[in-house]
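**Q** Each chain is listed here by its residues.
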Amino acid sequence: QSALTQPPSASGSPGQRLTLSCSGGTSNIGRNSVYWYQQFPGTAPKLLINKNNQRPSGVPDRFSGSKSGTSASLAISGLRSEDETEYYCAAWDDSLRLFVFGDGTKVTVL
Amino acid sequence: DVQLLESGGGLVRPGESLRLTCAASGFEFSSYAMNWVRQAPGKGLEWVSVISAGGDRTYDAASVKGRFTISRDNSRRTLYLQMYNVAVEDTAIYYCGKGNIAGIPAAPYDWGQGSLVTVSS
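Chains as they are written, first to last, in my numbering: chain W, 8 to 117; chain X, 105 to 225.
The shape of chain W in the complex, shown without the other chains (with noise of 0.2 Å):
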């Protein structure tokens, strides 16, 4: 089991805004920035989110993100069906010493 939880699907239609969760603790979310990773099946990893809230240069800005407590969010608004994949959220675990990730959503464009 994960030390961060995210719900393995979530689902939306076009235009829409859709918020991602990711649960943690105190040892990890609750005192580290979280970030958010994008993957289309077949290729690598891009960083969405860094430090909880921060896009990357080239990072639309209807995807944003947010973190209270032990746990953080990830919103995409304006849903468009090439932002149908998988979503991980991550953060570094001061008592494990070692970076977590969720499970990941998977998200579908309805």
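Certain hints may be false.
[Said to hold, decoys possible] Below, computed lysine to aspartate or glutamate pairings styled on EDC-like, alpha-carbon distance capped at 20 Å:
hint	chain 1	residue 1	chain 2	residue 2
1	W	Lys113	W	Glu93
2	X	Lys169	W	Asp101
3	X	Lys147	W	Asp101
4	W	Lys113	X	Glu193
5	X	Lys169	X	Glu193
6	W	Lys113	W	Glu89
7	W	Lys53	W	Glu93
8	X	Lys169	X	Glu150
9	W	Lys53	X	Glu150
10	W	Lys53	W	Asp68
11	W	Lys53	X	Asp105
12	X	Lys147	X	Glu193
13	X	Lys147	W	Glu91
14	W	Lys58	W	Glu89
15	W	Lys53	W	Glu89
16	W	Lys53	W	Asp90
17	W	Lys58	W	Asp68
18	W	Lys53	W	Asp101
19	W	Lys113	W	Asp90
20	X	Lys147	W	Asp110
21	X	Lys169	X	Glu120
Just so you know, the hints here were simulated from the structure itself, not pulled from any lab data.
Once you have looked at the hints, place chain X on chain W.
**A** Below, chain X without anything else, positioned relative to chain W:
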């Protein structure tokens, strides 16, 4: 542009050894921490190891501690993952990931295309 090119993967038998290499270009390699992250077939991402920019600090996942060793040669702009006593459960695509700071923790910011390691008898 940042480029990370992994190599060294392949088919190995349980108990054997293998060394993965990640050749870096397009950035000041010696200034950034580096990670290895793996992904078993059909599964999610699993972080493996991280090394600081100078190579003086490393951390490993419990699943590989004592069997895998991360190292780097800044003069060659190369990251390594030496894998000993591999097991079937180590079968995965191994990605190298560049951090965006010198120290640890440094989450993977840029990723290579991955190298497939298959452990099977």
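**Q** Quick one, are Lys53 (chain W) and Asp68 (chain W) close enough, alpha carbons at most 20 Å?
**A** 15 Å, holds
**Q** Check the hint pairing Lys53 (chain W) with Asp101 (chain W) against an upper bound of 20 Å on the C-alpha distance.
**A** 24 Å, violated
**Q** Are the Cα positions of Lys113 (chain W) and Asp90 (chain W) separated by 20 Å at most?
**A** 10 Å, holds
**Q** So if I understand the rule, the pair passes when the alpha-carbon distance is 20 Å or less; does Lys169 (chain X) with Glu120 (chain X) pass?
**A** 16 Å, holds
**Q** Below or equal to 20 Å on CA atoms is what counts here, so check Lys169 (chain X) against Glu150 (chain X).
**A** The given pair, whose Cα atoms are some 14 Å apart, holds under the 20 Å limit.
**Q** Measure nothing beyond the straight line between the CA atoms of Lys53 (chain W) and Glu150 (chain X); if it is 20 Å or shorter, mark the hint as holding.
**A** 15 Å, holds
**Q** Is the hinted pair Lys113 (chain W) and Glu193 (chain X) satisfied, with a Cα-Cα distance of at most 20 Å?
**A** 24 Å, violated
**Q** Given the hinted pair Lys53 (chain W) and Asp105 (chain X), is their Cα-Cα distance within 20 Å?
**A** Given pair Lys53 (chain W), Asp105 (chain X) holds - Cα atoms ~15 Å apart, limit 20 Å.
**Q** Given the hint that Lys147 (chain X) pairs with Glu91 (chain W), test it: the Cα-Cα distance must not exceed 20 Å.
**A** Given pair Lys147 (chain X), Glu91 (chain W) holds - Cα atoms ~17 Å apart, limit 20 Å.
**Q** Can the restraint linking Lys169 (chain X) and Glu193 (chain X) be considered satisfied, given a maximum Cα separation of 20 Å?
**A** Distance of about 14 Å is within 20 Å: holds.
**Q** Taking only the CA atoms, is the gap from Lys58 (chain W) to Glu89 (chain W) under or equal to 20 Å?
**A** 24 Å, violated
**Q** Are the Cα atoms of Lys58 (chain W) and Asp68 (chain W) separated by 20 Å or less?
**A** 15 Å, holds
Hints 3, 4, 14, 18 from the list above are not met by this structure, while the remaining hints are.
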